[in-house]
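J.: Heads up: the sequence lines are chains V and G, in that order.
Residue numbering for the first sequence follows the numbering used here, beginning at 1 and increasing consecutively.
Residue numbering for the second sequence follows the numbering used here, beginning at 1 and increasing consecutively.
These are computed hints drawn from the structure, not numbers from a lab.
If you're wondering where the values come from, they're calculated on a predicted model, not measured in any experiment.
Every residue, glycine too, gets a C-beta built ideally from N, C-alpha and C.
Treat the hints with care, as some may be off.
[As the list claims (entries may be wrong)] Covered, in the sense of this in silico footprint (three residues per stretch, anywhere, with C-beta under 8 Å from a C-beta of chain V), are these stretches of chain G:
hint, stretch
1, 92-98
2, 107-115
3, 122-132
4, 221-227
5, 268-282
[Claimed, not checked] Label pairs and their calculated CB-CB ranges:
hint, chain 1, residue 1, chain 2, residue 2, range
6, G, L78, V, A35, 43 to 53 Å
7, G, L180, V, R234, 25 to 35 Å
8, G, Y156, V, I149, 25 to 35 Å
9, V, L344, G, E186, 20 to 30 Å
10, G, I8, V, I149, 23 to 33 Å
11, V, S275, G, A52, 32 to 42 Å
12, G, F57, V, W194, 53 to 63 Å
13, V, W220, G, A52, 50 to 60 Å
14, V, R234, G, M1, 47 to 57 Å
15, G, T162, V, L344, 51 to 61 Å
16, V, W220, G, R161, 58 to 68 Å
[Stated by the list, open to error] Sample of chain V residues lacking proximity to chain G, with all beta carbon distances greater than 10 Å (derived):
hint, residue
17, L34
18, L42
19, I56
20, V97
21, N106
22, H121
23, I149
24, T153
25, A164
26, Y205
27, L213
28, V253
29, G274
30, Y328
31, L352
32, W358
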Amino acid sequence: MKTFKSLRLPAPEAVDQAGSARVAIKILKIVGLLALLVVALLFPQQLSPDTATTGIAVYTLMFAAAATAWNIFAGYTGYIALGHAVFFGSGAYALGVMCKAWHIGNSLLGGGADLSLLFLHIPADYAPFVLVPLAGVIASLIAVPLGWIALRTRRHTFIVITIAMFFVFQLLAENNIANLTNGQSGLEFPIPSWTYPFFNFPFYYAMLAILVLALAASWWIRHSKYGLGLLAIRDDEDRALGLGVKTETSKLVAFVISAFFVGMLGGVWGYFQGSIAPPFAFDALFDVIVALMAFMGGLGTLAGPIVGALILEPTRQYFTLYYGASGYYLIIYGALFLVIVLLLPEGIIPTLRKWGSWWFASRANLKHIASDTEELDQAGPVVVDQAETGEGVNL
Amino acid sequence: MTIYIEAIVTGLLSGGVYALMASGLTLIFGVMEIINIAQGALVVLGAYLSYALQHYFHIDLFLGLLLTMPLMFVFGVLIEWAFIRPLKRERTMFSILVTFAIALIIEGVLGLIFTTNLVTLHAWYITASIPVGGFYLPYIYVFGFALSVILLGGLYWLLYRTEFGKSLRASMQNRTAAELIGINVERVSAITFGIGIALTAAGGMAFGTTVPFNPGSSYDLISRLLVVIVLGGMGSLRGALVASLALLVIEDVTSVAWSPVWASTVFFVLLVLLLIFRPQGLFGQREGRKQ
Numbered sequence: 001m002k003t004f005k006s007l008r009l010p011a012p013e014a015v016d017q018a019g020s021a022r023v024a025i026k027i028l029k030i031v032g033l034l035a036l037l038v039v040a041l042l043f044p045q046q047l048s049p050d051t052a053t054t055g056i057a058v059y060t061l062m063f064a065a066a067a068t069a070w071n072i073f074a075g076y077t078g079y080i081a082l083g084h085a086v087f088f089g090s091g092a093y094a095l096g097v098m099c100k101a102w103h104i105g106n107s108l109l110g111g112g113a114d115l116s117l118l119f120l121h122i123p124a125d126y127a128p129f130v131l132v133p134l135a136g137v138i139a140s141l142i143a144v145p146l147g148w149i150a151l152r153t154r155r156h157t158f159i160v161i162t163i164a165m166f167f168v169f170q171l172l173a174e175n176n177i178a179n180l181t182n183g184q185s186g187l188e189f190p191i192p193s194w195t196y197p198f199f200n201f202p203f204y205y206a207m208l209a210i211l212v213l214a215l216a217a218s219w220w221i222r223h224s225k226y227g228l229g230l231l232a233i234r235d236d237e238d239r240a241l242g243l244g245v246k247t248e249t250s251k252l253v254a255f256v257i258s259a260f261f262v263g264m265l266g267g268v269w270g271y272f273q274g275s276i277a278p279p280f281a282f283d284a285l286f287d288v289i290v291a292l293m294a295f296m297g298g299l300g301t302l303a304g305p306i307v308g309a310l311i312l313e314p315t316r317q318y319f320t321l322y323y324g325a326s327g328y329y330l331i332i333y334g335a336l337f338l339v340i341v342l343l344l345p346e347g348i349i350p351t352l353r354k355w356g357s358w359w360f361a362s363r364a365n366l367k368h369i370a371s372d373t374e375e376l377d378q379a380g381p382v383v384v385d386q387a388e389t390g391e392g393v394n395l
Numbered sequence: 001m002t003i004y005i006e007a008i009v010t011g012l013l014s015g016g017v018y019a020l021m022a023s024g025l026t027l028i029f030g031v032m033e034i035i036n037i038a039q040g041a042l043v044v045l046g047a048y049l050s051y052a053l054q055h056y057f058h059i060d061l062f063l064g065l066l067l068t069m070p071l072m073f074v075f076g077v078l079i080e081w082a083f084i085r086p087l088k089r090e091r092t093m094f095s096i097l098v099t100f101a102i103a104l105i106i107e108g109v110l111g112l113i114f115t116t117n118l119v120t121l122h123a124w125y126i127t128a129s130i131p132v133g134g135f136y137l138p139y140i141y142v143f144g145f146a147l148s149v150i151l152l153g154g155l156y157w158l159l160y161r162t163e164f165g166k167s168l169r170a171s172m173q174n175r176t177a178a179e180l181i182g183i184n185v186e187r188v189s190a191i192t193f194g195i196g197i198a199l200t201a202a203g204g205m206a207f208g209t210t211v212p213f214n215p216g217s218s219y220d221l222i223s224r225l226l227v228v229i230v231l232g233g234m235g236s237l238r239g240a241l242v243a244s245l246a247l248l249v250i251e252d253v254t255s256v257a258w259s260p261v262w263a264s265t266v267f268f269v270l271l272v273l274l275l276i277f278r279p280q281g282l283f284g285q286r287e288g289r290k291q
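For reference, chain V alone in the conformation it holds in the complex:
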């Protein structure tokens, strides 16, 4: 049985067990995901008609989607971008400018007719949502030259350049570039005629839709050949290039995809806010919070950014609500931030997965002791290896 050991092949029985466990986990994941989706769909009307809570839910979904979109680029390629607020703000401003220029949506100054698209009839209040994908497209068009320049550099320099670009855009908005942004005083959006508690619902579902789309895109990329190329870039860019991955195009495409989703979120956010101003549309905290959420949940995993957002954003909103006026809010948030990074450096999802594989490994080991065969002793550690490295599904 020497070859068996040296090759470290898993014993058949162990494979069988690990395999069935994995199928069970997969089914659990799918069922859990569907249940979560149902809860998310029913949340506003059935579970919480309270306006403050649904408002927090809108922001939470927004950040979950933003962190997922950020992760598509940064998590998969390993390039930490700290300037995604550029696309968020650009999307918000793009939607605001379009609504103003084309008189779309319900405004107090009159105007705002219903919209007829092909055979669809869209009430004026919902019309701005139709333009949201266009706002995403504009944000991704902006991302093309920015990404092209920034991605010429790597690692630290890349991080710093994205930060610098963020400040350039904030400044451009403040300086009323091409008379579009209306400078410091900001831009007014159309005001929907909905009343509270209903008011939050359309925004909630818009954010949810973008989150589902972003998650689908993230899942698809994670399981495609293209996504493999991105992961190869993260692991060793030069070797990936040598092996035939078109690194420059791949990175740029991922950058643009993530900008598209973040731009759409910015558009919906702007309509939700009613009016936007440069320091809020281009918010330095947005850059870092999105990154922190992905880090906390697990960089480069599918569910990680969402888990991070579900934990961090409600906490932040709560602190702002109760300690917003004082410095306590910043201190508590900063301390939370420190604790997460120092105690959970790998993120929640990878840590859980590690514990899970330990658990399976220890169960497998117990079984071998019971069956008392020499060969199977090897199986314990092998299962650990498999569970840690194999399987791309990271839900």
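Dock chain G against chain V, hints included.
T.: Below, chain G alone, put in the same frame as chain V:
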């Protein structure tokens, strides 16, 4: 013509102060490969320390540095020991998050103690000025520049004329090799971080004399400092010096020749153009392959 000369002179003089703050940042990056996002907040903290000493104990701003600089040095060593040293993998990435958190906490504490109202430092040399050619130059610009020259000269002496400087530069070139030949890199790192933070105390004081500040001023500062060290080449002291002088001169000249609102945009655009052709910055080394 005089306004251009004035712009260039004030740009050079205040550029010296930025060089002071940026040299700490680039030194820390060079030795430890971490990006200290809290540098901006620490500069503001330094300014508030000087403000507190002056306001409550009537200690002169420059004399107060003898107290605030050692204090900030100790603070820096403590931060390094408590929060930076535990980071074992992906240091650069995690250091950004950790130091950002530290910056948030500093901002929060300063907001609690001093509120968010804008504060200015007062001294005779801030309001008085000397006539130079066709314009008046406030004394503080000259004093601040002199302070930068003295401190940067001291830093140069420390780096190139002492045993500690030798071990610091060795750690900068190759961390592992430095460790192998018996340099206590952890100690060097802690002291470097302390020095970088101590420099912000002086930089903060000089910054606070020319610009009104509040706890939120750190965002604008850190963005400028980051741009300065990228332009100069990350980890290059000479680069940081040249870049900070260039930044301030270009800003001052633009605001005179065109408009103050576009002052920093011009610099950012220049930065982006430079990076297209020289991704490693002015004096930086091309990044090698990740091991």
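J.: What are the numbers of the hints that this structure violates, sorted from low to high?
T.: Going through the list in order, the structure violates hints 3, 15, 23, 24, 25 and 30 and respects the others.
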